[in-house]
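In order, the protein sequence lines correspond to chains A and B. Heads up: the first sequence at position 33 corresponds to 33 in my numbering, and the numbers run straight through without jumps. Position in the second sequence (from 1) plus 1000 gives the number in my numbering.
One or more hints might be untrue.
Stated by the list, open to error - The calculated EDC-like cross-link candidates involving lysine to aspartate or glutamate, where the alpha carbons are at most 20 Å apart (straight line), are:
1. Lys182/A / Asp219/A
2. Lys1182/B / Asp1164/B
3. Lys10/A / Asp75/A
4. Lys98/A / Asp75/A
5. Lys85/A / Asp67/A
6. Lys234/A / Asp1164/B
7. Lys35/A / Asp22/A
8. Lys1234/B / Glu119/A
9. Lys1085/B / Asp1058/B
10. Lys234/A / Glu1024/B
11. Lys85/A / Asp58/A
12. Lys1234/B / Asp164/A
13. Lys10/A / Asp95/A
14. Lys234/A / Glu193/A
15. Lys234/A / Asp189/A
16. Lys35/A / Glu1024/B
17. Lys1035/B / Glu24/A
18. Lys182/A / Glu223/A
Please keep in mind that the hints were generated in silico from the structure rather than gathered at the bench.
Here is how the chains run, residue by residue.
2 protein chains.
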Amino acid sequence: METCTNAPEKGTLYGVSVGPGDPENLTLKAVRVLKAADVIAAPSTGRNRQTALGIVADYIAGKPIVDCLTPMSKDLAVVARAHDKIADDICALLDEGKDVAFITLGDAGVYSTYYYTHERVVARGYRAEVVPGVTSFCDAAARLGRPLCEGSEPLLVVPVSTGDTEALLDVPANKVFMKSGKAIGALRDTLAERGELDDAAAVANSGLADEQLCEHFADLDVERGYFSVVLYRKGAHKAGEGEGGRLS
Amino acid sequence: METCTNAPEKGTLYGVSVGPGDPENLTLKAVRVLKAADVIAAPSTGRNRQTALGIVADYIAGKPIVDCLTPMSKDLAVVARAHDKIADDICALLDEGKDVAFITLGDAGVYSTYYYTHERVVARGYRAEVVPGVTSFCDAAARLGRPLCEGSEPLLVVPVSTGDTEALLDVPANKVFMKSGKAIGALRDTLAERGELDDAAAVANSGLADEQLCEHFADLDVERGYFSVVLYRKGAHKAGEGEGGRLS
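Here chain A stands alone, though its shape is the one from the complex (with noise of 0.2 Å):
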């Protein structure tokens, strides 16, 4: 095997969480990574990435933009072909030796699509690391002023697209729902035929010009609710009667 001494060091991915709309909730380490990046690679299309590229505006200016784009399809031999694309694109800019920045909205860790990239790029023997974020629920429960759980209560995070919310619906434990598009109208018919719609609180498109932070999650406007974040809570508007009640 031969060696060559002029070739440059390979560079590094990171997968680094934006948060899900506040530029202020970039982490300090969020924001030395993309000031330090060659290039930054944004996922998806549409609004998701107009958003991602508007919280990290500030730190990338004159950067260049890798488009990384995943197909809408259920066919998973598509979308892994996708998958694959976006590696080798990025596998080609770390042997120039430039480190990518691959933004993700909330956290890398939490329903992204940056995974698939990062495995692909790891198993091909690239150095490939994580910056944590802040989560869209958590983002959401702070907004709120109320916690998402406390002491022994556990808390069930439902994805946008399980095909069985029903059946999670029982879990004791507090939950958090998150939601687009006609789901969050059905989710709230739910909530209220079993009479939980009172513990529940939500927010839409937080951070953005269009959010609602709303309390009681009745009060949603679920036509522009674009992504919700649902809080439920037992007992959540039970507050001032002490540590007990608000424990069961």
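Dock chain B against chain A, hints included.
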């Protein structure tokens, strides 16, 4: 009702999430609020307190620190009185027009004691705002380079203190277990009995001098795992099979 126009404007309480250990996980907003605060409130005692103060040390030099002591008691009346006392102390500062930053490890909404103070202070008519942060489990996943949840996978967070971890093991979800002391060893034994140990990873004391990063939970030295985050994901060590296998 008399109005005293010379009274100072009341201060604001900020619940500042400082992340699980690495000061670079602080958000830009956390840093701004810490720098601007007049007084720092530090919860609890011992190791957690020192960890939280260590994370923010660069931003609070010279600021007075108020101790917020919560007794380790199962007597709810004793705990409630302690939280009343904390609220009294903080409201006295707010009355002087001082802004108080209450620092809390991880994210304020996730198993923090911050909200016991927040709710009391808000109920008394003061302003209180929450600054969200990086949770210990998002940090642990990032450190290990593995996702918490993808696609349609629900995520269940099981706290340190829950009485009935066993009952939650059958919930069809990826899981985060937050455990300390002897509970870590018991959890390891339980997962081994269920044949799930191979799909669990663990991080102990993240970002601190004695941290342990274990892709395999079995490798964790539970005697040194003061505070551990265990990540369980079915099929986690079968990467490379394509998205189909990973989303099963």
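Results of checking the hints against the structure:
1. Lys182/A / Asp219/A: 16 Å, holds
2. Lys1182/B / Asp1164/B: Between lysine 1182/B and aspartate 1164/B the Cα gap is close to 15 Å, so the pair holds against 20 Å.
3. Lys10/A / Asp75/A: Violated - the C-alpha atoms of aspartate 75/A and lysine 10/A are around 33 Å apart, more than 20 Å.
4. Lys98/A / Asp75/A: 32 Å, violated
5. Lys85/A / Asp67/A: 11 Å, holds
6. Lys234/A / Asp1164/B: 18 Å, holds
7. Lys35/A / Asp22/A: Distance of about 18 Å is within 20 Å: holds.
8. Lys1234/B / Glu119/A: Roughly 16 Å separates the two Cα atoms, so the pair holds.
9. Lys1085/B / Asp1058/B: 28 Å, violated
10. Lys234/A / Glu1024/B: 35 Å, violated
11. Lys85/A / Asp58/A: Roughly 29 Å between the alpha carbons, so the hint for lysine 85/A and aspartate 58/A is violated.
12. Lys1234/B / Asp164/A: 18 Å, holds
13. Lys10/A / Asp95/A: 5 Å, holds
14. Lys234/A / Glu193/A: At roughly 15 Å apart (the allowed maximum being 20 Å), glutamate 193/A and lysine 234/A satisfy the hint.
15. Lys234/A / Asp189/A: At roughly 17 Å apart (the allowed maximum being 20 Å), aspartate 189/A and lysine 234/A satisfy the hint.
16. Lys35/A / Glu1024/B: 14 Å, holds
17. Lys1035/B / Glu24/A: 14 Å, holds
18. Lys182/A / Glu223/A: 8 Å, holds
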